[in-house]
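These protein sequence lines are chains A and B, in that order.
First residue of the first sequence? That's 4 in the working numbering, and the numbers climb one at a time after it.
First residue of the second sequence? That's 3 in the working numbering, and the numbers climb one at a time after it.
Hints listed in this document are in silico derivations from the structure and should not be mistaken for laboratory results.
Source: prediction; values computed, not measured.
Glycine residues also receive a C-beta, built at the ideal position from the N, C-alpha and C atoms.
Misleading hints may appear alongside valid ones.
[Stated by the list, open to error] On the chain B side, residues computed to face chain A include the following (Cβ under 10 Å):
(1) L21
(2) K79
(3) A80
[Unchecked claim] If you want the footprint, here are the derived chain A segments under chain B, 3+ residues with CB under 8 Å:
(4) 45 to 55
(5) 89 to 99
(6) 106 to 117
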Amino acid sequence: NAGVIQTPRHKVTGKGQEATLWCEPISGHSAVFWYRQTIVQGLEFLTYFRNQAPIDDSGMPKERFSAQMPNQSHSTLKIQSTQPQDSAVYLCASSLGGGGTEVFFGKGTRLTVV
Amino acid sequence: GDSVTQTEGPVTLSEGTSLTVNCSYETKQYPTLFWYVQYPGEGPQLLFKVPKANEKGSNRGFEATYNKEATSFHLQKASVQESDSAVYYCALVPTNSAGNKLTFGIGTRVLVRP
């Protein structure tokens, strides 16, 4: 079990460019989450899929951020027109189900917008 | 909405001394409570969870009791080691929720000096 795999581990983009982050959840896990981590805000929930369907995107900035899960083996987080304040570690996580089952995190993608 | 408040770090202590990281929570639902630990370059990983009030969770010498009356879930360890240096996150999820969206505290950085 390789755990949750996130690629790339580091990404540097210029202001205004697009960034796409990739996540491969643990095989068999039905729930996939995206979180953003910064020093100031800590771990912030962005969005959540269950069986590939979007369930809760209440944490997603309404403009420029989008997430998809085209199949059960990967999810993407896309940020259009990146801004310096988007610089953060983006964490993907997966779990077998709901109600307090263990959530497993990937190592994250560190996005730096210059 | 749900919220978690925990000790502000960094907490610096010497090997062999005791550690307490305070955690309090607010939710209108019945939560499962978690402690996660994050090491440099890694995603958060589960330390332990407690789904029921008045029960204690423990792992690797760390423990915490789910105090429903006080809405607290303080992390304790009697004798820390240098390898315990990490960031510790208190978190909750509504137990009966079909989802599994974790609400995290800000995180407490713990530094253990040899």
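**Message:** A closest beta-carbon separation below 10 Å is what the hint needs, so does L21(B) meet it against chain A?
**Reply:** violated (20 Å)
**Given coverage of the stretch 45 to 55 of chain A by chain B, tested with a Cβ cutoff of 8 Å and a minimum of 3 residues** = Since 5 is at least three, the answer is holds.
**Message:** Next item in the hint list is K79(B). Is there a CB on chain A closer than 10 Å to its CB?
**Reply:** violated (21 Å)
**Asked** Measuring from the C-beta of A80(B) to each C-beta in chain A, is the shortest one below 10 Å?
**Response** Cβ of A80(B) sits 25 Å from chain A, so the hint is violated.
**Asked** Would you say the stretch 89 to 99 of chain A counts as covered by chain B, given the rule of at least 3 residues with C-beta under 8 Å?
**Response** Three-residue rule met by the stretch 89 to 99 of chain A, so holds; n is 3.
**Per-stretch coverage check for the stretch 106 to 117 of chain A, three Cβ contacts closer than 8 Å to chain B** = With 6 residues closer than 8 Å to chain B, the stretch 106 to 117 of chain A meets the three-residue bar; holds.
Taken one by one, the earlier hints fail for this structure at numbers 1, 2 and 3, listed in ascending order.
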